[in-house]
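These protein sequence lines map, in sequence, to chains A and B. For reference, each letter of the first sequence is one residue, going 0 to 123 in numbering that gives the first Met the number 0. For reference, each letter of the second sequence is one residue, going 0 to 634 in numbering that gives the first Met the number 0.
Take these hints with a grain of salt, some might be off.
Unchecked claim - Not close to chain A: a few residues of chain B, all C-beta gaps over 12 Å, as computed:
| no. | residue |
| --- | --- |
| 1 | Arg30 |
| 2 | Thr35 |
| 3 | Glu151 |
| 4 | Ser216 |
| 5 | Ile259 |
| 6 | Phe323 |
| 7 | Gly326 |
| 8 | Ser343 |
| 9 | Ala344 |
| 10 | Arg382 |
| 11 | Arg414 |
| 12 | Met423 |
| 13 | Thr538 |
| 14 | Ser562 |
| 15 | Leu571 |
Stated by the list, open to error - Here are some chain B residues the structure puts well away from chain A; computed CB gaps all over 10 Å:
| no. | residue |
| --- | --- |
| 16 | Ile1 |
| 17 | Gly234 |
| 18 | Gly376 |
| 19 | Arg391 |
| 20 | Gly407 |
| 21 | Leu447 |
| 22 | Arg472 |
| 23 | Gln511 |
| 24 | Pro583 |
| 25 | Ala601 |
What the hints assert, rightly or not - A short, non-exhaustive set of chain A residues, derived as facing chain B with CB atoms under 10 Å:
| no. | residue |
| --- | --- |
| 26 | Ala13 |
| 27 | Ala23 |
| 28 | Gly26 |
| 29 | Glu97 |
| 30 | Thr100 |
Read the hints as simulated data drawn from the structure, not as lab findings. By construction, the Cβ of each residue, glycine as well, lies at the ideal position given by its N, Cα and C atoms.
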Amino acid sequence: MTWMRIGGAGAVVAACVTYLVWSAASGSAEYYRTISEVHAQPVSGDVRVLGVVQDDVQRLDGGQEVRFTAADSGASMTVDYRGTLPDIFKPGIQVVVEGRTGGDGVFHARTLLAKCPSRFTAKA
Amino acid sequence: MITASAGGAALLAGLALAGFSAVLSAWAGVRRDAVTARVGRRALYAGAGAVVLASAALEWALLDHQFELAYVTEHSDRSLPWPLLASSFYGGQQGSLLYWTLVLTVLGSAAVAAAGRSGVRLQAYATTVLAALAAFFLAVLVFVASPFDLLEVTPSDGLGLNPILRDGGMLIHPPFLLAGFSSFAIPFAFAMASLLAGRQDPGWIAQTRRVALVAWSLQTVGLTLGMWWAYHVLGWGGYWGWDPVENVALLPWLATTAYIHTAQVQERRGQLKAWNLGLVVGAFLLAIFGTFLVRSGALVSVHTFAVSDIGPWFFALLAVLLAFSLGVLAWRSSSLRSARPLESAVSREGAFLLQNFLLIGLVAAVLWGTLLPLLSGMVGARRVVGPSYYERVSGPLFLALLLLLAAGPLLPWRRAGRGWWRAMAWPAGAATAALLLLAVGGVRGAALPVFTVLAAAAATSVRGLRPVAHAWRSRRVYGAYLAHLGVVVLAVGIAGSHFWQTERTVTLAPGQSVAVAGHTLTFSAYGERPGAVGEQFVTLSMGDESLQAARAFYPGLGGQAVSRVAIRSTALEDVYVVLDDAAPDHATVTVFVNPLVTWIWAGAAILVLGILLGNLGSVAPSPVPVRARVAVPAT
Numbered sequence: 000m001t002w003m004r005i006g007g008a009g010a011v012v013a014a015c016v017t018y019l020v021w022s023a024a025s026g027s028a029e030y031y032r033t034i035s036e037v038h039a040q041p042v043s044g045d046v047r048v049l050g051v052v053q054d055d056v057q058r059l060d061g062g063q064e065v066r067f068t069a070a071d072s073g074a075s076m077t078v079d080y081r082g083t084l085p086d087i088f089k090p091g092i093q094v095v096v097e098g099r100t101g102g103d104g105v106f107h108a109r110t111l112l113a114k115c116p117s118r119f120t121a122k123a
Numbered sequence: 000m001i002t003a004s005a006g007g008a009a010l011l012a013g014l015a016l017a018g019f020s021a022v023l024s025a026w027a028g029v030r031r032d033a034v035t036a037r038v039g040r041r042a043l044y045a046g047a048g049a050v051v052l053a054s055a056a057l058e059w060a061l062l063d064h065q066f067e068l069a070y071v072t073e074h075s076d077r078s079l080p081w082p083l084l085a086s087s088f089y090g091g092q093q094g095s096l097l098y099w100t101l102v103l104t105v106l107g108s109a110a111v112a113a114a115g116r117s118g119v120r121l122q123a124y125a126t127t128v129l130a131a132l133a134a135f136f137l138a139v140l141v142f143v144a145s146p147f148d149l150l151e152v153t154p155s156d157g158l159g160l161n162p163i164l165r166d167g168g169m170l171i172h173p174p175f176l177l178a179g180f181s182s183f184a185i186p187f188a189f190a191m192a193s194l195l196a197g198r199q200d201p202g203w204i205a206q207t208r209r210v211a212l213v214a215w216s217l218q219t220v221g222l223t224l225g226m227w228w229a230y231h232v233l234g235w236g237g238y239w240g241w242d243p244v245e246n247v248a249l250l251p252w253l254a255t256t257a258y259i260h261t262a263q264v265q266e267r268r269g270q271l272k273a274w275n276l277g278l279v280v281g282a283f284l285l286a287i288f289g290t291f292l293v294r295s296g297a298l299v300s301v302h303t304f305a306v307s308d309i310g311p312w313f314f315a316l317l318a319v320l321l322a323f324s325l326g327v328l329a330w331r332s333s334s335l336r337s338a339r340p341l342e343s344a345v346s347r348e349g350a351f352l353l354q355n356f357l358l359i360g361l362v363a364a365v366l367w368g369t370l371l372p373l374l375s376g377m378v379g380a381r382r383v384v385g386p387s388y389y390e391r392v393s394g395p396l397f398l399a400l401l402l403l404l405a406a407g408p409l410l411p412w413r414r415a416g417r418g419w420w421r422a423m424a425w426p427a428g429a430a431t432a433a434l435l436l437l438a439v440g441g442v443r444g445a446a447l448p449v450f451t452v453l454a455a456a457a458a459t460s461v462r463g464l465r466p467v468a469h470a471w472r473s474r475r476v477y478g479a480y481l482a483h484l485g486v487v488v489l490a491v492g493i494a495g496s497h498f499w500q501t502e503r504t505v506t507l508a509p510g511q512s513v514a515v516a517g518h519t520l521t522f523s524a525y526g527e528r529p530g531a532v533g534e535q536f537v538t539l540s541m542g543d544e545s546l547q548a549a550r551a552f553y554p555g556l557g558g559q560a561v562s563r564v565a566i567r568s569t570a571l572e573d574v575y576v577v578l579d580d581a582a583p584d585h586a587t588v589t590v591f592v593n594p595l596v597t598w599i600w601a602g603a604a605i606l607v608l609g610i611l612l613g614n615l616g617s618v619a620p621s622p623v624p625v626r627a628r629v630a631v632p633a634t
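In isolation and in its complexed conformation, chain B is listed as follows:
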C-alpha cells in the first residue's frame, strides 16, 4: 500500500519535473541563458531521480510479494527464485514502459551532463527534447498504464511466470533490447538540438556519434542475446525467424549502422549533414513505430505482447515526432548545405554512401514484408510473407554489403587515384584462393560466392589490424577493423548454419542408432525425474560423449511441456537434440547438426569489443579532417 503510493507519487513528481525541465530548457535555449539552462538540466536530473525511486518501489513490491499491486500479481508468484522475480520488473507492459523511461532519463541525463563543452544552446535544446520525451512516457505511466494500480482483493499468491520464460536468457535479453530501443532517443535529441541551435560543427557530431554508438551497442547485444535465447530454449534449431517483433528490433539497428558510417564523412569532410540527420531521426522513428506495431496488436506475431490501450498514444507520439523533425529539418535546411561538394564517386565517401543505400534498401524491404499483411488487408485479401521472402531479399543485399566491407576500407578519401584497383590486390588474392579451395573442396551453389566474398572481407579486416606506430592514438581505426572482423565472423556463422544445417526426426528403440551428418547417436537410457516439475529424459551416446535431452512438465499450467535441448558445441558445429516424445520403449528425437553456430556468438562479441576498444577513454581523437590528398592505399 505504502509502496504503491510512494511509487505513484514518484512518477507524478517525475512528470512534473520533466515537463518543467522541457519548458525551462527551451526558454533557456531561446534566450541563451546559462543560468536558466542549468536549472532546466537539474530538473531533468531530479526527474531521473524520481524515476529511479519509482523503479525501486516497483522492484521492492515484486521482491516483497506485495500482491495488492495488480502488476505484482499478474507477473510473479511466490515460487519464483529472486533473480526471476527481479526480472518480472520489465516482464509486463507497465513495467517495461517504466524501464524504458528509466533508461531514457538516466542515460539522457548522463549524455546531457557530458555535453557541457558543446555550448549552452545545444545542451539546453537536447535537454528540452529528452525531457519532453520523458514527460510523454511518464504521462502514459501515470494516466494510462500505471504499474502501481491496486487490486480490490489481495490474492495470496500471484499468477507466476510462463515456464518457457523461466530461463537465464530472459533475465538479460529484454533489458538490453529495451535499453537499446529507448536510447535511440538520445542521438535523436542531440540531432534535433543541433538543428534548433543552428549548429553543424564537429562538436555535435562527436556527441551524437558517441551516444549513437552506445544505443547501437546495446541493441547489438540485445539482438544477439535474443538469438541465443531462441536457439538454446525454443528447440527449433534456429535463431532468427523473421517474425515482426524481431524485424522491428532490427530496423533501427540497420539505420544506425548506416549513420555511424556516414557520420565519418561529416566528421572529416563536412559533407552529408542533412543525410546524417535524416538517418538519426529515421532510426528513432523506426524504434517508436516498431513499439507501436508490436504493442498495438496490429500485426500477428508469434510473440504476443499484451495488447493494450497504449497503441494510440504511441501512434500520436509518432505523428508528433515526424511533424516536429520534418518541420525543423525544413526550417534549417539552408544551414545543412555541405561545405564542399563530393569530389568523386570512387572514394571512401562514395563507398559509405553505397553502403547506406544498401542498408536503407534492406530497411525498406524488411519493412515492406512486415507491413504487407496490413497494407494488403487494406486493399483486399490479407497476404503474408514468410522467412523465405526475407532470405531471398536480404541475402543478396547482405552479400553486397560484405563485398563493400572488403573493398570500401581500402579506398582513399576524396578521390581514388588512377591505380586504386591495385589496393584491392589483398582481398582479391584472398578471394581467388578461397574460391579455388572451396571449389576443389566440393562447395557448390550459393555458398560458393558467399564464402568467397567472406574471405575477401576477412582479408581486408585482418590486414587493417596490423600493428602501426601510435597504436593507442589510432584506436578508433583498430576498433573499426576489429568490429568489421566481428561482422565477418558472425556472417560466417550465419552462412554456415544456413547452407549446411542437417535435420532429422527419428523414433528409436533402446539401443538403436541414427546417423546424422557423420555423427552416430545411440538411444542408451530413458529416465524420469518426478517432482513439482516432472521431467522425462533420454540419454543418447555419441562416441565417448553422452547427450541428455529432456522434456519438463508443468502440472500447474495445464501440463505444459518445455523442451530442454541437448547441445554439444564445438568451434565447427553444434549437435542439437530435441526430445519430441519419449517412453521407456521408444524415443522420438529431432537431431539437428548446425555448422558454425558458435561463430555467431563469437562474432557478436568481437563486434562489441571492437566498438568498446575504439571509443574507450577520453573522447577518442577524431581523425584529422582530410585536406591533403591521401595516397593509395589509405587504411
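Isolated chain A (complex conformation):
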C-alpha cells in the first residue's frame, strides 16, 4: 500500500517532468544550420548558425548595432546584430548567432555568443 502510493508519486513526478520537457522543448528547440543550409532551405522560426567573423565588421548607431559577414566552409552570409557584444568579439573568432533571415537577405541575429578562447590558452 505504502509502496504503491510512493510509486504513484514517482509516476506523477515522471509524468510531470516528461510533460515539462516536451512542452518546453517543442516551444524553444531550434535547429542547428550551417550557412549553406540557411541559403538552401529557409526555415520558418529561429535557427542557430555557427560562423567565423570576417574582416568587414561595421559598427552602426553609436556602437549599438553591428553588421558583419560570417563564413563557414566556403559559404558566407551577412549578419546584423543589435545589442551588447561579447568582449572577445573581433574578426577571426567563431560566433554562434540565433535568429532568422529577413526579407532583405540579411541574417538578423537575436543573440550572439562568442566561443570563449580555449581555457587559459592565448590565441593571438
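For chain A, the structure is supplied; the task is to place chain B on it using the hints.
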C-alpha cells in the same frame, strides 16, 4: 630538463604504486588479511606522495619559467604575476588531469586512513577502488597526456594567458570545481567497498555520508565561484547560462543532494539501501560522463576546452565503471533488502523520496536538454535548446522542491498521525501573510507563487533554528536547518534577479543622463589610461556616488578588449554598468539593475556554513535510530 625528468619519474612511480595497491588491497579484502591490507594502504599513501612530487615539479617548472616544457610554454609567460603563474597549473588539459589525480589520491588516502574503524575488508576494498581509479588517471598522464613533454626548441617566452582569464576568480573557481568533481570518486569507492564486503551497517553510511558531504561542499563552492566570476567579469549581467559545461557540473551535485537526504533514511530506519547506492554511483558516473562530454568536443559550448585524445579514454572508463557497478549491485542485491518496509507515504521518509524523485527528474531534464544536439543529430537535423527550455522545465521543479523544503522537515518519521497537517500551521501562516503582502504590494505573475513558497520555506527553516537544550549535540539538526535557510536565501536571490532584472542600452553625450529602474546615471567624464594594456574609462555619477566602467585593450592579442564592469552592490540590488563603446564625445553603456543578486552569494555562504557546522568535530552523533513513534511535530 631535470624538473621534467623528475616529474615524469614521479608519475611513473605513482602509477606503479597505485596499481600495486589496487591488486594487493583486493587480495587482502578477499583473504581478510589485515597485514596485507596495511601494505596496500601504504602503497596508496606512497602513490599519493609521488603525485604530490609530480605536482610540485610542474608548479616549480611554471614558476621558474622552464619553457622547454610544452605545458609551461602553452599556458604561461614571463609577464604573469606569480599567483596567476601558479594557477596555470590547472589551466590546461594535462595539468588539470594532474590536479584531479592529486585531489583523488590525497583526499582518497585521508578518507581511507580515517576509515580504520569500519573493518579490514571495507577499508581494503575502498583502497582497491580508489587505487584503481588513481592508476587509470596516472596511466593517462604517463601515456597520453603528459604535462612533462618537452619541446625540441626552447622558446624565450611562453604564449601566456588569455586576458579574460587573468582574474582573481580564475584562481579559485576551477580548483574547487575540479576538486568537487574528482572527490565524487570517494563516496563511490566506499559504496562499492561496502557492497564488495557485503556490509550494509551504519558504519559505512557514516563514512560515505561524510565523504559525500565533502565532495558536495567543494562542488557547491566551485559552482558558486563560477557564477560569481561570470557575473563580475564577463559583463552580460547574468551568472548562469545553462551552457553544457555548466550543466554537467550541476548534475553530480543534484544527484549528491538527493543522496545526502535519503542517506538519513538508511541511517535511522535501515531502508533504501539499494536506492542510496544507486545515487552515489550515479553521481560519480555523471561526473565522469560530464568530463567526457566537455573534453571530447562532442558538444558545442561557449567554454572551449582543449579538445584532445583523452575523450575515448574517459568513455572507456565510463563503460567499465558502469559495468562494474551494475555487476556488483546485481551480485549483492539480496543483501540490500530493507530491514523493514516503509510504513507510510505521509512521513519524513516519504518526503525524502519525493524530494529525490524531483531531483532525479531535474537531472533527467537537464541531461536531456544537454544531450539533445547529439541525440537529434543521430536521427536527423541537429536541434538545440537554449536557456528558455531550462528555465521552463527547472522552474516548476525547483518550486516543488522549495515547497517540500517548507513541509518535509515538519513531518514525523515513520508515519504522520491524523493531525499532521496541524504542524504545517507555521509555514502556512507565513505563506498566507506573504501572499497578502505581495499581492497588496503589486507583485503579479509567476513571482507571486514563488515568493509565497519561499516565505513558507523560510519560516520552517528559521523555526528549526530556535534554541533547544543540548544544542551542541543537536548540531547536525541545526546545521541542516541553517543549510536550508541558505538555500532559501540563495533562491530569493535567483528569483529576484530572474523576475525583476532591468536592462537598458543607451548612447550618452557628456552631461546627458539616463534613468533605469529609479536610478539616474549621468555621463560625467571620459578618460584614457595608456600603457601596455591600454584602457578607456567613463565615469557615471549616480546621486553622490560615481561608477567607473572601463574597457581594456590587449594589443599583444590582436587588440582584444576586456570589459571592466562597474558594479554598485547593496543588499537590495546591484547597479551593473558595462561600457560597450566610448569616445570623448559619447559613451554607449548597458545598464542592468539586478535585484537581490547579493543574496545568491550570501545564501551559498550560509549553506556551506550550515554543512560545516553540522559536521564539525568528531563524527557528529548520528541521530538515534527511530524506533518509538515520534510525536507531531518532530523537528
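Evaluation of the provided hints:
no.	hint	in the structure
1	Arg30	holds (40 Å)
2	Thr35	holds (43 Å)
3	Glu151	holds (20 Å)
4	Ser216	holds (24 Å)
5	Ile259	holds (19 Å)
6	Phe323	holds (27 Å)
7	Gly326	holds (26 Å)
8	Ser343	violated (6 Å)
9	Ala344	violated (4 Å)
10	Arg382	violated (5 Å)
11	Arg414	violated (9 Å)
12	Met423	holds (18 Å)
13	Thr538	holds (18 Å)
14	Ser562	violated (5 Å)
15	Leu571	holds (24 Å)
16	Ile1	holds (25 Å)
17	Gly234	violated (6 Å)
18	Gly376	violated (8 Å)
19	Arg391	violated (4 Å)
20	Gly407	holds (13 Å)
21	Leu447	holds (20 Å)
22	Arg472	holds (32 Å)
23	Gln511	holds (12 Å)
24	Pro583	holds (14 Å)
25	Ala601	holds (27 Å)
26	Ala13	holds (7 Å)
27	Ala23	holds (4 Å)
28	Gly26	holds (7 Å)
29	Glu97	holds (7 Å)
30	Thr100	violated (17 Å)
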